[in-house]
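Asks: With the hints as constraints, model all of the structure from the sequences given.
2 protein chains.
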Amino acid sequence: MENFVFQNPTKLIFGKGMIGQLAKEIPAGKRVLVTFGGGSVRKNGVYDQVKEALKDFETIEFWGIEANPKIETLRKAIQLGKEKKVDFLLAVGGGSVIDGSKLISAGILYDGDAWDLVLKGSEEKTLPLGAILTLPATGSEMNRGAVISRLETAEKYAFYSNYPVFSILDPTVTYTLPPYQVACGIADTFVHVMEQYMTTVGQSRLMDRWSEGIIHTLIEIAPEILRRQDHYELMAEFMLCATMGLNGFVALGVRQDWATHMIGHELTALHGLTHGATLAIVLPGLWRTLKQKKMGKLVQFGERIWQITQGSEEERAEATIQKTEAFFKSLGLPTRLSEAGIGESTILEIEKRFNERKVAFGEDQDVTGTVARQILENCR
Amino acid sequence: MENFVFQNPTKLIFGKGMIGQLAKEIPAGKRVLVTFGGGSVRKNGVYDQVKEALKDFETIEFWGIEANPKIETLRKAIQLGKEKKVDFLLAVGGGSVIDGSKLISAGILYDGDAWDLVLKGSEEKTLPLGAILTLPATGSEMNRGAVISRLETAEKYAFYSNYPVFSILDPTVTYTLPPYQVACGIADTFVHVMEQYMTTVGQSRLMDRWSEGIIHTLIEIAPEILRRQDHYELMAEFMLCATMGLNGFVALGVRQDWATHMIGHELTALHGLTHGATLAIVLPGLWRTLKQKKMGKLVQFGERIWQITQGSEEERAEATIQKTEAFFKSLGLPTRLSEAGIGESTILEIEKRFNERKVAFGEDQDVTGTVARQILENCR
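Protein chains in written order, with our numbering: chain W, 791 to 1170; chain S, 791 to 1170.
Certain hints may be false.
[Said to hold, decoys possible] Here are a few chain S residues that face chain W, going by a calculated C-beta distance under 10 Å:
| hint | residue |
| --- | --- |
| 1 | M791 |
| 2 | N793 |
| 3 | T800 |
| 4 | F804 |
| 5 | K806 |
| 6 | K833 |
| 7 | Y900 |
| 8 | L996 |
| 9 | G1003 |
| 10 | I1004 |
| 11 | H1006 |
| 12 | L1042 |
| 13 | G1043 |
| 14 | V1161 |
Hint data in this document are derived by calculation from the structure and do not stem from the laboratory. Note that CB positions come from ideal geometry on N, CA and C, so glycine has one too.
Replies: If you want it as structure tokens, here you go:
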């Protein structure tokens, strides 16, 4: 086990009807900038609940934070927040709205262009941010991370600010989500856990079991959710898994990978592919490429999750990869670049970008541009 | 899944050598009351590390917080803290020292007798408290709870204050613990998890798996720890399990029992029995008594933890109880009242106390004095 420091102060408010608690969580007298995505919250009743809960607050609304939030959009929200002198942020939406709002919360207190902060990678001087989550996937509701894109240059980078002071999760608001978004959310949660798990064996028995616990649960509930998305217990379980998958609880004392995400971000930046779908494509290819290195953990995962107990280590690892890819397929997601119409030129562009930025990812920082190309060749 | 609100702000600082980080965690200029137990920290090097780390702070030491901390002792520490006008508390020891220090942190700011606060059950007006844990068991290092005893009247009650602002856990300091204390700590962790798990089936698949993950880990490492207590990875895993077993992480959205603890507290109050040992005695008896009610969960636990898959539900539940009792025995703990020399008069006294206090425990609040007597009869 590696040494670690862990602290996650987010207040998680979970369950049916809990949006009604919202007003109690924001200090009286705050001027609240409320940020939204494209408008689905008007249909599922969340907008009305928020309006009602905040009727005693001065609120300013900002609409239109898109999937993979763009600096071009966020600059407008920052400008509005500065003009209106807001001192609290409330993000109402999925991971993109919360991610974008993390940058807004820093950008309002920053004199220059907020893209500086993204390039810097982190900023802790922020307005307090609360969230109402409508799409379980990214875990942004209970972590410090965000991912911000720049349309102009087709770039997408991670950015770290502060934990939301609170997040409200009501599973009933997920009943009307587009099924493809739910499938992507399941894949996203799955891969978040794998980024924290699929490295070296023997780091922490407990963390291994907690990661496997999330995966077991996802595999059990996914086919049921695909059949009926309006089942409270199923959606509550999914929502809990998504938050627990990336709030630090399964990362205590263990190494982390994150190369699948870094490559996936490039696919989104270049082709606009949904984040969860990029992960379903990259993860199996990454495992194929790095099979020798991750062998022990692949075999453990295969045995404990997919009941693969026969054959050589090599065969068991291969079967584990196939089973995992089949799971993503069962969600209706693409698992190959060709299915998304992506070919050689993108692979070479990503190799070039990693090389130019002189970056390398993975638990040993050895996924260079060249290795990323090999991985992507194994995703074709 | 039940609605819940979760927030745990404790900063967990975990690993070899991390006591060296201590000075950074206490604001400069604080007058620190440092509380200790009986003196084992002088032998294992912790005292010297703390002295060195706090050399730039004004510190006042209070020694002698005993196992099952007594109000009679804590009053003296509160008096000292008031006289010296301390404004920060550092608990250095096991769960008893941390529990006692939670009451001290409230008592210093309270004008009356601190026993009032215990009878009230909670107090949030406290001095900030940090902890250096030396004995994994109670989880007190990352929760709001404490248990305080009163020698004079042989009473023992739960008390809630604030979360420690930080807790430092260095597994190397556990190498020299008395093996019986380690065994009790393993049992304590086991039963903490069971209080949050062994209720109703189908509340949360994820929480079930996380609880089972702690138990699987404990069962795996316990025999190894009994053989060699100076193995870093084993003791790190145990320390992590003990903290994760009672910091709220496995209690999200599920009902809780706690009747085993409430009965166990009486056995400690009346006979001075070590807390973990009381739990190893009471839990199997409670399961025997409430087998019908807890049947579904006993069967699930038996199948997933003890690989019990044959026989009727009744037989599987019975086998689960026997296996669990055998596990406690394998730790060298008593599992029957007779082994601790406790007989009928104590059973009747506990029944009388519960009846007089008009209390009932368990997930359905139906463990009355009468049911407690039945449970204790099943522990003979």
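Asks: Give a verdict on every hint.
Replies: Hints, verified against the model:
{"no.": "1", "hint": "M791", "in the structure": "4 Å, holds"}
{"no.": "2", "hint": "N793", "in the structure": "3 Å, holds"}
{"no.": "3", "hint": "T800", "in the structure": "7 Å, holds"}
{"no.": "4", "hint": "F804", "in the structure": "5 Å, holds"}
{"no.": "5", "hint": "K806", "in the structure": "7 Å, holds"}
{"no.": "6", "hint": "K833", "in the structure": "24 Å, violated"}
{"no.": "7", "hint": "Y900", "in the structure": "26 Å, violated"}
{"no.": "8", "hint": "L996", "in the structure": "5 Å, holds"}
{"no.": "9", "hint": "G1003", "in the structure": "3 Å, holds"}
{"no.": "10", "hint": "I1004", "in the structure": "6 Å, holds"}
{"no.": "11", "hint": "H1006", "in the structure": "6 Å, holds"}
{"no.": "12", "hint": "L1042", "in the structure": "6 Å, holds"}
{"no.": "13", "hint": "G1043", "in the structure": "7 Å, holds"}
{"no.": "14", "hint": "V1161", "in the structure": "30 Å, violated"}
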